[in-house]
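Participant: Listed here are the chains, written in short residue letters.
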Amino acid sequence: DGGITQSPKYLFRKEGQNVTLSCEQNLNHDAMYWYRQDPGQGLRLIYYSQIVNDFQKGDIAEGYSVSREKKESFPLTVTSAQKNPTAFYLCASRPQGSDTQYFGPGTRLTVL
Amino acid sequence: DQQVKQNSPSLSVQEGRISILNCDYTNSMFDYFLWYKKYPAEGPTFLISISSIKDKNEDGRFTVFLNKSAKHLSLHIVPSQPGDSAVYFCAASKPGTYKYIFGTGTRLKVLA
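Here the protein sequences line up with chains A and R, keeping their order.
Residues 1 to 112 in this note's numbering are what the first sequence lists, from first letter to last.
Residues 1 to 112 in this note's numbering are what the second sequence lists, from first letter to last.
Be careful, since some hints might not be right.
[Stated by the list, open to error] Chain A residues, not near chain R, derived (Cβ > 12 Å throughout):
#, residue
1, 6
2, 22
3, 26
4, 41
5, 43
6, 52
7, 65
8, 73
9, 94
[To be verified] Keeping only pairs whose Cα atoms sit at most 27 Å apart, straight-line, the calculated DSSO-like set for lysine-lysine is:
#, chain 1, residue 1, chain 2, residue 2
10, R, 109, A, 71
11, A, 83, R, 99
12, A, 14, A, 83
13, R, 109, A, 57
14, R, 109, R, 94
15, R, 54, R, 5
16, R, 71, R, 56
17, R, 54, A, 57
18, R, 94, A, 9
19, R, 56, A, 9
20, R, 37, R, 109
Calculated from the structure, these hints are not laboratory results.
These figures come from a predicted structure and were not determined experimentally.
Even glycine gets a Cβ: it sits at the ideal position worked out from N, Cα and C.
Looking at chain A on its own, in the form it has when it is part of the complex:
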């Protein structure tokens, strides 16, 4: 059945290490998004991609990188340059012509 998967659900990393969060969708959606959620805050946009091989910075892109080599996949790398990486990360996809986003279950990243 179709959907968006994010793995792993929980991720721990040591300070100074890069880590890549996976996001895969089989909904055939063109657009994909990465958000982070911190306690008491809304979803803040990190990066988004409207089409394969193209992506744009969101509001808080510093310390993050993405790639969009395949329609189904939009991995997010949290680099050591991200000063406060501990957060809940959400991936979403959106079909062309619609404003409705479909979210994955999220990955909680904890930096030790």
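Got chain A sorted already, so can you dock chain R onto it with the hints?
Facilitator: Leaving out everything else, chain R in the frame of chain A:
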């Protein structure tokens, strides 16, 4: 600068009564608004949306009202049910951008 604001962090309502969740925005260029519902440790799910050419949209127990002059929208849930207990986010976008600004969320608790 918070362009989309949900000033009530939490709301408690008795089962069967009406729940009213509010959202204010500052950017008059926003023309499409969405409400999402989120349970803990899960991704948000789409609830209902409204275009700026309308002032009301209804879907079952959920109705969204838009007051463009006041830059205000509200989500009404009637009747409220315990399963509605979740965090509700409003989001807004400008024409053709498909980039969404989320509010900070309101935690609704429906008391049985």
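Participant: Each hint: holds or not?
Facilitator: Here's how the hints hold up against the structure:
1. 6: 8 Å, violated
2. 22: The claim stands: residue 22 (chain A) keeps its Cβ more than 12 Å from every Cβ of chain R (closest is about 14 Å).
3. 26: 16 Å, holds
4. 41: At about 6 Å from chain R, residue 41 (chain A) fails to clear the 12 Å cut-off, so the statement is violated.
5. 43: 4 Å, violated
6. 52: Non-interface label stands for residue 52 (chain A): nearest chain R Cβ at 15 Å, farther than 12 Å.
7. 65: 19 Å, holds
8. 73: 17 Å, holds
9. 94: The claim breaks: residue 94 (chain A) does not keep its Cβ more than 12 Å from every Cβ of chain R (closest is about 7 Å).
10. R:109 to A:71: Distance ~38 Å between residue 109 (chain R) and residue 71 (chain A) Cα, so the pair is violated.
11. A:83 to R:99: 24 Å, holds
12. A:14 to A:83: The given pair, whose Cα atoms are some 13 Å apart, holds under the 27 Å limit.
13. R:109 to A:57: At roughly 35 Å apart (the allowed maximum being 27 Å), residue 57 (chain A) and residue 109 (chain R) break the hint.
14. R:109 to R:94: 31 Å, violated
15. R:54 to R:5: It holds: about 21 Å lies between the C-alpha atoms, which stays within 27 Å.
16. R:71 to R:56: Cα-Cα ~14 Å, so holds.
17. R:54 to A:57: 31 Å, violated
18. R:94 to A:9: Violated: residue 94 (chain R) and residue 9 (chain A) sit about 32 Å apart, past 27 Å.
19. R:56 to A:9: 38 Å, violated
20. R:37 to R:109: Distance ~12 Å between residue 37 (chain R) and residue 109 (chain R) Cα, so the pair holds.
Hint check: violations occur at hints 1, 4, 5, 9, 10, 13, 14, 17, 18 and 19; the rest are consistent with the structure.
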